[in-house]
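Enquirer: Let's have the full structure, built from the sequences with the hints guiding it.
Chains A and B supply the protein sequences, listed in that same order.
Each residue of the first sequence is one higher than the one before, starting from 1 at the first, in our numbering.
Each residue of the second sequence is one higher than the one before, starting from 1 at the first, in our numbering.
In short, the hints are calculated from the structure, not lab data.
Beta carbons: idealized from backbone N, C-alpha and C, even for Gly.
One or more of the hints may lead you astray.
Capping the alpha-carbon separation at 27 Å, the derived lysine-lysine pairs in DSS-like fashion look like this [unchecked claim]:
1) Lys105/A - Lys83/B
2) Lys100/A - Lys57/B
3) Lys9/B - Lys100/A
4) Lys70/B - Lys100/A
5) Lys14/B - Lys57/B
6) Lys100/A - Lys83/B
7) Lys105/A - Lys56/A
8) Lys9/B - Lys36/A
Pair by pair, the computed Cβ-Cβ distance ranges are [said to hold, decoys possible]:
9) Asp54/B - Ser26/A: 36 to 42 Å
10) Glu15/A - Gly16/B: 46 to 52 Å
11) Gln80/A - Lys70/B: 39 to 45 Å
12) Lys59/A - Glu69/B: 39 to 45 Å
13) Val50/A - Gly3/B: 48 to 54 Å
From the derived model, a few chain B residues whose C-beta atoms are all more than 12 Å from chain A [stated by the list, open to error]:
14) Phe12
15) Ser73
16) Leu90
17) Asn94
In case you want the letters, here they are:
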Amino acid sequence: GQQVMQIPQYQHVQEGEDFTTYCNSSTTLSNIQWYKQRPGGHPVFLIQLVKSGEVKKQKRLTFQFGEAKKNSSLHITATQTTDVGTYFCAGLRSGGSNYKLTFGKGTLLTVNP
Amino acid sequence: DGGITQSPKYLFRKEGQNVTLSCEQNLNHDAMYWYRQDPGQGLRLIYYSQIVNDFQKGDIAEGYSVSREKKESFPLTVTSAQKNPTAFYLCASNSGLSVTEAFFGQGTRLTVV
Chain A
1 GQQVMQIPQY QHVQEGEDFT TYCNSSTTLS NIQWYKQRPG GHPVFLIQLV KSGEVKKQKR
61 LTFQFGEAKK NSSLHITATQ TTDVGTYFCA GLRSGGSNYK LTFGKGTLLT VNP
Chain B
1 DGGITQSPKY LFRKEGQNVT LSCEQNLNHD AMYWYRQDPG QGLRLIYYSQ IVNDFQKGDI
61 AEGYSVSREK KESFPLTVTS AQKNPTAFYL CASNSGLSVT EAFFGQGTRL TVV
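Expert: As structure tokens, this is what we get:
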């Protein structure tokens with residue numbers, strides 16, 4: 001079945017440093033979504049990427065979708081303590097069910113003030 | 001307020017007992033999902049439903065059962081056949097008309113003793 005691999009599993013940074021998490025799929029994706037889960041909370045949608053090579057920005061967050069639509073990344077510039085949480089990517093397989101989101105294992109980001 | 005509600009937030013059960021987790025949404029979403037979250041494992045799909053009276057097994061359906069008698073409701077039963085039921089369970093929904101973000105409930109933390 002479809003697998004979505006996400007690295008690193010953990011990342012600890014000093015406040016102000018940058019952070020990147022990477023997502024790779026074993027199959028071509030029709031789209032990819034990113035979610036953030038704060039400690040003790042539930043995942044909250046951040047963004048969706050659909051087009052090959054797409055880049056989207058949300059303030060200090062930059063999301064990219066690879067040309068082959070099999071990989072994606074989330075980059076945070078100048079991390080803040082409010083960025084702490086687990087970041088998940090979730091992909092929909094191209095040609096597959098429109099409903100079956102497959103999540104990566106997530107990257108837990110901790111920020112030292 | 002529109003949203004997706006899971007209850008209860010915490011649940012304790014004795015080993016060998018079945019237990020049902022509630023999930024209700026008033027977002028008029030067609031699709032609903034159950035995920036299980038364990039430390040370091042990300043979100044693993046248990047069951048999903050695209051339409052009333054229909055549901056599909058996810059990646060880890062063994063030991064679980066669901067029903068979708070109403071559009072708003074998608075209860076999950078953790079049966080005594082589930083070998084390791086202690087976990088955080090998340091319910092989600094999305095519109096399904098096109099690929100859209102998933103909205104998550106607050107989650108139910110089930111502990112089996």
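Enquirer: Hints first: check each against the structure and report whether it holds.
Expert: We went through each hint and held it up to the structure:
1. Lys105/A - Lys83/B: 22 Å, holds
2. Lys100/A - Lys57/B: Holds, at roughly 10 Å.
3. Lys9/B - Lys100/A: Holds, at about 25 Å.
4. Lys70/B - Lys100/A: 20 Å, holds
5. Lys14/B - Lys57/B: 26 Å, holds
6. Lys100/A - Lys83/B: Satisfied, since the Cα-Cα distance of roughly 25 Å is no more than 27 Å.
7. Lys105/A - Lys56/A: 22 Å, holds
8. Lys9/B - Lys36/A: Distance ~20 Å between Lys9/B and Lys36/A Cα, so the pair holds.
9. Asp54/B - Ser26/A: 36 to 42 Å: Between Asp54/B and Ser26/A, where Cβ atoms are some 27 Å apart, the hint is violated.
10. Glu15/A - Gly16/B: 46 to 52 Å: Hint holds: Cβ distance 48 Å, inside 46 to 52 Å.
11. Gln80/A - Lys70/B: 39 to 45 Å: With Cβ atoms ~42 Å apart, the hint holds.
12. Lys59/A - Glu69/B: 39 to 45 Å: Given range 39 to 45 Å: holds, Cβ gap about 43 Å.
13. Val50/A - Gly3/B: 48 to 54 Å: Once the Cβ atoms are compared, 25 Å apart, the range 48 to 54 Å for Gly3/B and Val50/A is violated.
14. Phe12: 18 Å, holds
15. Ser73: 17 Å, holds
16. Leu90: The assertion about Leu90/B is violated, with a minimum of 6 Å to chain A.
17. Asn94: Nearest chain A Cβ is 8 Å from Asn94/B, so the label is violated.
Comparing the model with each earlier hint shows violations of hints 9, 13, 16 and 17; every other hint is respected.
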